[in-house]
Structures are given as structure tokens and as C-alpha cells.
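Colleague: Each chain, letter by letter, is given below.
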Amino acid sequence: MLYLLSKASEDYEILELPAGKSQVGDFLALKDGSEDRSLVLQVVHISYLKVPGELEEIIRMARASDILVESQSDELFEQVRGEIMDSKVLRCKVRGSLTNSSLTGNALWAPARMGSTIVRTTLREIRRVVDEEQMIPFPVGLLLDDGSELLIDLTDLDGALTLILGRKGAGKSTLAKSVIRGLVENGGRCVVLDINNEYMPLSHDRRFIQLDPGKNLTFELRMIPKSVFISLLEDLMELPQTSILEISRVWDRLEASGRLSFEGLRKEILFSRMNDYVKDALTRRLEVIAASRIINDQPADVEVISELQKSGGRCLSVFLRGLPTIFKKLVIELIMKNIIQAMERGRLDPIFLFAEEAHIYQGMPFWEDLVTRMRHLGISLLFITNEPSSLSNFVYRQADSVFLFNYSNDSDLGFLARVTQVDSESLTSFVRGLPELCCLAVGKVCSSLPVLFRVRHDEQFSGGGTKLFFKSRLAQPLKSSVPG
Amino acid sequence: MARHTQVEILLSERIINLPFVNDALGGEKFHVGELQEQITNDGPETYDIYPLETAGDKAPVAAVDCSNVQLGYGGGFSYEAARAAIVTKSIAGDVHVTKIGPLVAKSPTNQGSILFALEAFAQSLAVDLVRDGIVLLDGVALPEDVSYHVPRKTKVIGLSKTVPPQDKEDRSFGFPSGPFVMIKRPFNSCLVRLSSGGFVLNGRVWSHQPDDIPSAFSSLSRSDALDVGYPDSLKLAHIFSKILPAEVLSARIVIMRKHGVRLLDPLDGRKLLLGSMWG
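Going line by line, the protein sequences match chains A and B. So the first sequence is numbered by numbering that gives the first Met the number 0: it starts at 0 and just counts up by one. So the second sequence is numbered by numbering that gives the first Met the number 0: it starts at 0 and just counts up by one.
It is possible that part of the hints are untrue.
To be verified - Using 27 Å as the maximum straight-line C-alpha spacing, the simulated DSS-like pairs for lysine-lysine come out as follows: (1) LYS49/A to LYS257/B; (2) LYS98/B to LYS160/B; (3) LYS443/A to LYS92/A; (4) LYS49/A to LYS57/B; (5) LYS214/A to LYS309/A; (6) LYS98/B to LYS49/A; (7) LYS270/B to LYS87/A; (8) LYS270/B to LYS49/A; (9) LYS87/A to LYS241/B.
Calculated from the structure, these hints are not laboratory results. On a predicted model such as this, the values are computed, not experimentally measured, just so you know.
The whole structure should be built from the sequences, with the hints applied where relevant.
Modeller: Structural data, given as C-alpha cells:
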């Protein structure tokens with residue numbers, strides 16, 4: 000049975016007597032007497048009821064543990080005493096108000112203390128109306144409260160900024176893969192900046208395309224706008240201004256004569272009359288680019304923009320593992336500039352961009368700029384990272400939805416409590432104890448109700464899991480080390 | 000076992016049905032104490048001090064303590080809970096605790112307590128449990144009106160938690176520093192220090208041989224663990240007999256469930272008359 004104990008600000012204390020199986024994250028409906036309205040409460044902390052003399056009781060139990068104690072007392076008395084000592088106080092946060100089955104985010108009223116009743120409820124029950132209104136429902140996992148499927152509306156990701164955060168091995172990419180599959184199956188175009196080359200479909204699926212820089216992902220110089228190429232040299236390769244002016248002149252000359260090519264550019268610089276220092280600076284940088292085989296004069300095997308222009312769902316995974324940082328930056332710079340340019344010119348429909356550990360290959364100003372313009376461009380952005388502090392406060396403030404996996408580090412939790420929309424007590428309580436593959440979802444995707452769920456494992460992708468040395472060793476029969 | 004005919008024992012169906020309680024309720028063993036009658040109150044007042052002998056045989060010990068608490072008032076009746084604990088310690092050192100109760104007594108307001116009856120019953124049980132051993136009681140007075148048969152070799156020792164004035168820093172103040180017993184005759188009331196460094200306690204021995212007092216305390220000091228001079232078994236009996244607030248609450252809930260009586264808090268006359276600050 001649940002009883003209303005107290006209320007302080009938006010916190011309610013509920014007595015659970017006898018103790019049940021309530022757990023953090025559970026939902027309760029606090030029905031207000033005769034009124035047809037309920038407060039939606041969520042359990043954020045569980046403690047024992049403070050009973051006068053409890054310390055003496057516990058010490059007595061401790062003394063009894065090492066001696067034989069025989070009790071001749073009333074059975075019902077012993078049962079009630081046990082129930083009182085075991086009873087729990089559930090500290091709950093108000094998550095909204097249910098009136099006529101309609102959920103509103105705020106609750107400006109307080110229920111009657113004695114006349115109200117408290118019943119357990121589930122997210123599915125609370126969101127019944129919301130779920131019915133979902134346009135493209137997609138199951139991402141199983142709710143921790145009742146084991147039912149959590150459906151998110153994929154349209155909630157459209158034009159939105161979504162963050163997937165968690166420690167390594169917590170299940171971030173498992174969730175991302177599941178979402179990608181849902182988007183692709185519903186005709187979405189996804190680009191994944193894949194830091195670990197793990198977004199590989201297990202079986203061949205023409206909708207999933209791997210882009211391996213220097214192999215099937217190359218850029219024909221002729222197709223790269225001059226401004227993009229120049230900014231590559233300037234921003235990524237720190238080419239001095241005098242050299243920029245020189246190569247700009249060379250580029251214009253070659254373009255005007257119809258001889259623009261990567262090899263042409265190299266030869267032109269090599270044999271033209273210019274300052275030796277400038278020539279050397281340009282030559283060395285072009286050699287680096289040539290070595291990457293990312294920019295050349297061959298038509299690309301897979302052309303990113305044209306792939307994204309094809310009808311039907313698509314997922315382009317840009318493999319970045321093993322690439323030197325400068326080439327990672329180069330590839331992302333080229334892809335993003337191409338995409339943004341195509342979008343600005345109206346040649347590309349909206350896409351979903353999954354950026355894993357985005358801070359590694361682009362500076363935060365780039366991403367902040369993208370976040371500012373994403374809605375106008377048509378990019379739905381999903382950041383996936385295990386370092387919450389790698390994203391700026393600006394990014395957090397703009398986030399529409401956040402998926403949080405386990406964090407136990409106090410500084411990470413403190414940081415997240417400051418920047419996410421969840422109160423710090425709920426966040427710490429929910430996130431610290433989350434097992435592997437379980438996460439907390441907050442924001443638009445779950446109608447602003449903090450939801451705990453176990454991520455659905457997508458069989459369509461391989462890789463990504465933690466590789467363990469001893470796992471494979473222990474799978475083999477152990478050889479006896481005893482001679483003979 | 001209830002002394003007052005108007006007292007009704009509640010919450011104890013299981014206890015009442017126990018064989019040893021049935022025997023006790025038969026009333027055969029309850030009669031006016033014989034041991035008290037052996038004390039003769041004439042003669043000059045003397046004080047004799049004896050050192051306690053630390054060497055010698057151990058004896059089994061059974062310690063008894065009882066506690067009671069007012070549960071409240073309801074339907075014109077007063078409700079009281081009482082519990083007894085008997086802690087036995089064998090010569091080998093094995094400890095066994097028996098808790099009896101809480102029993103709940105319903106009686107017309109201010110019609111007496113079941114504490115003494117339960118105490119006497121628990122003491123008689125303890126005497127049966129340690130034949131030829133030591134029965135340790137809390138306090139230096141036997142329950143009134145009731146007594147029980149004590150075998151000749153059994154020693155009944157009472158120790159009071161009300162310690163005589165003494166210096167906490169210098170516990171030897173005014174007394175021998177080692178274990179001793181000081182007997183005030185002809186009343187046989189004692190001051191005793193059971194262990195070196197322990198507190199001096201008020202004590203009493205009920206024995207068939209009044210001259211046996213020093214040997215009774217010596218035997219106790221050898222047979223039980225002593226914490227600041229107080230026997231551990233008696234401390235345990237106190238711990239296990241105490242009725243804690245959670246148990247008071249539980250008893251009130253059970254009375255409501257079983258008997259449909261919602262108890263009101265006991266009236267605190269001091270607070271009512273003097274106010275919460277001075278009461």
C-alpha cells in the first residue's frame with residue numbers, strides 16, 4: 000500500500016507499507032480525491048522509514064545474529080513489526096498532471112493529503128494518448144518499469160538535436176544503430192561519422208554503404224570548390240597567407256585553361272616561379288594530401304551527394320578508424336562542406352547526421368555553427384560521445400532529446416546535471432546505477448518524461464561490442480597445466 | 000498469571016498455549032517466597048568486606064529482565080505491553096536468549112501492571128533452566144506476592160543498575176580497588192565490585208545459606224563476561240526485553256486489526272498540568 004507522507008516543493012514522499020518492489024524510475028499516479036485528475040510522480044530515491052529506536056532495533060538484531068534467540072511472541076505482531084522496519088519511503092518528483100487522460104507538463108495544484116489515493120502506473124499507461132498520436136513509432140528498447148516496448152516517434156528526431164552519452168561499453172552505439180535502422184527503414188538518409196568502423200551491416204544490404212577514405216571514398220579535385228580546398232589548406236594544414244595567395248592564383252590559372260586537376264596543381268607549383276619557401280610549403284602539403292589518396296583526379300567510387308540524393312533509405316558510414324587526425328579532419332571537412340553546399344543549393348533533402356566523438360575531428364565552433372544552422376539546412380544532428388564535457392554548454396542547451404547511459408564519475412554527473420534538463424537528484428539517482436545497455440531518455444522523444452529503458456540490440460550490425468581477450472580464452476577448453 | 004482479575008491478556012494466543020506457560024498458569028508453583036522469610040532483621044548493623052575469589056569453578060548463569068510500556072487508552076481501557084527476556088549462559092560460554100512477549104494487558108484504567116507477574120514467571124523459568132547455577136535478576140527486590148521454589152544449590156543474585164555514589168575517574172574511591180563484596184548485616188544488602196576497574200553495584204543474594212554471599216558473587220564474577228563490572232548476560236536480557244518504539248507502534252496496529260480498538264496516546268499528566276515546557 001502507498002500512502003502520502005509529505006510534500007516539499009515539487010517533491011512528494013510516499014510511504015510504501017509493507018515494502019514492495021518499487022524501484023527508482025517507477026511511475027505513480029496520485030489521484031486527487033473526487034477530482035478527475037492525477038499527478039504523475041516518478042520515484043527518484045528510495046530510503047527506509049525513519050522509525051524511533053531503529054538504531055537500537057538494528058543493534059539488537061546484530062547482537063542476535065551470533066547467539067541463539069528464541070522468541071515467544073504473537074505472529075501478527077512480529078509480522079507487523081517486520082513490515083514497519085522494512086517499510087520504505089519513496090521520494091518522488093512531479094512529472095506532470097493527468098486530466099481526462101491528457102498529460103500536461105505542469106501541475107499547479109496539490110492533491111488532498113488524506114483523500115487522495117496512490118496507485119502504481121506505467122509509462123505506457125501515462126503515454127497512452129501520446130503513443131496513439133505518434134506518426135512513425137519505432138521500438139528502441141524495453142521499458143525498465145514493466146518490460147513493455149518503448150516506442151519513440153522518429154519524427155521527434157527530425158530537425159532536432161539529439162545527444163547520446165555514456166561511458167565506453169555502455170551501449171551508445173547499440174542505440175544509435177537501432178535508431179539508424181529505424182530511420183533507414185522509414186526512408187531516412189543517414190550519414191554516420193564512424194570513429195570505430197563499427198556501423199557495418201552483418202549481411203549485405205544495399206542501403207548501408209561504407210565509405211572508406213582513400214579507397215572507395217575519394218574526392219576528385221575538379222569537383223571540389225576552390226573555397227573548400229583553400230580552407231582545407233588554411234584551416235587544417237595551417238598554410239600561411241602568402242602561400243594561400245599563390246595557390247589561389249595557380250588554381251585560377253588552371254581552372255581558366257580547363258586544366259584543373261590534382262596532378263596539374265602539383266606540377267604547376269613545382270615548375271612555376273615563386274618564392275622557394277612558398278613553393279616548399281605548398282609542395283609539402285600537397286604531398287600529404289596525395290599520400291592520403293583522399294583527393295585525386297579519379298571519379299569517386301561512391302559519390303556522397305549523389306548517394307544521398309537517391310530515393311529510399313540510405314546510411315553512409317564514413318570509416319575513420321586508423322586515419323591520422325589531419326586526414327580525419329580533411330575527410331569530414333570535405334564531406335560536410337559538400338553536404339552543406341548541396342543543401343544550401345537545394346540539391347539535397349534533409350539528412351540525419353550521426354557524429355561519434357565529434358570533438359576529435361572538428362572543433363566545437365564548427366559544430367556550434369552547424370547546430371545554429373541545422374534546422375535551416377535540414378540536418379538532424381545526433382552527437383554520440385563518452386566525454387560529456389567535450390560538448391559545449393551551447394550544444395546542451397539546444398538539445399531536444401538526450402539519451403544517457405551509465406556514468407558513475409561524480410564530476411561527469413555534476414556536469415550533466417548542470418547542462419541537461421533533468422534535475423540533479425533524478426539524474427544522479429537514475430544514471431549512476433544503470434546497468435549495461437540501459438539508459439535514461441529525456442526530452443522530446445519521451446514527451447519530457449524521464450524514461451528508463453533497456454536498449455534493443457540490433458542484429459543487423461556487427462562490431463562495436465567490447466572485444467575481450469579472456470572471453471575467447473575462456474571459451475576454449477582449459478588445458479591442464481599439471482604434468483602427466 | 001495475571002494478578003488482577005480485571006486484567007485481560009491480549010496478543011498472546013501462541014504464548015498462552017506454550018506448555019511451560021500452561022504449567023505456570025496452573026498456579027502450583029506460585030506461593031509466597033520462602034527465601035525472604037529466612038532473613039532475620041534483628042541484631043547490630045555491621046559491614047563486612049570480603050575479596051572475591053577469581054579462581055574456582057564456573058557456574059551456568061541465567062539472567063532475567065522485563066520491561067513494560069503503556070500503549071495507550073481505548074474504549075475505557077488502558078493497554079500495556081510487557082516483555083521478559085531470559086539469557087542463559089552455559090559453563091562452556093554458549094548463550095541462548097528466550098524472549099517472552101510482548102504480552103498486552105487490557106485493564107480498566109490504573110488497575111495495575113502485568114510487569115511483576117511476568118517478571119516472577121520469567122524468574123521461575125530461569126530457576127528451572129539453571130539448576131545449581133546462578134540466576135541473575137535486575138534489581139535488588141523480588142516481585143511482591145509471588146515466589147518460586149529455588150533448589151538448594153541455586154544462587155539468586157540481584158544487581159541494581161542504580162549505582163551508589165562513586166568517582167567515575169577513580170572507581171576505587173572509598174572502596175577496595177579489586178573485586179570485593181561489602182555486606183551490610185543483618186539486612187544482607189551488598190555493595191559489590193565484580194571486576195577490577197568495574198563500577199561498584201548494589202547487589203543482593205537470595206540463598207538457602209546466607210553466609211554464602213561472597214562465594215555467590217565470586218562465582219558470578221568467574222562465570223559471566225563483565226563489562227565495566229556489569230554482567231553481560233544481564234545486559235543482554237535488558238537489551239532483548241526492551242520494548243522499542245517500532246514495537247509499540249506494531250502492538251497498536253495489531254490491537255486495531257485483531258480487536259478493532261484504535262488506541263489513543265497515553266496521557267502525560269505532567270505535560271497536561273505543567274505544560275510542555277515544564278512537564
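Colleague: All hints are to be evaluated individually against the structure, with a verdict given for each.
Modeller: Results of checking the hints against the structure:
1. LYS49/A to LYS257/B: holds, 26 Å
2. LYS98/B to LYS160/B: holds, 21 Å
3. LYS443/A to LYS92/A: holds, 19 Å
4. LYS49/A to LYS57/B: violated, 44 Å
5. LYS214/A to LYS309/A: With Cα atoms ~22 Å apart, LYS214/A and LYS309/A stay inside 27 Å; holds.
6. LYS98/B to LYS49/A: Status holds; Cα separation ~25 Å.
7. LYS270/B to LYS87/A: Between LYS270/B and LYS87/A the Cα gap is close to 33 Å, so the pair fails against 27 Å, i.e. violated.
8. LYS270/B to LYS49/A: holds, 25 Å
9. LYS87/A to LYS241/B: holds, 24 Å
Comparing the model with each numbered hint stated earlier shows that hints 4, 7 do not hold.
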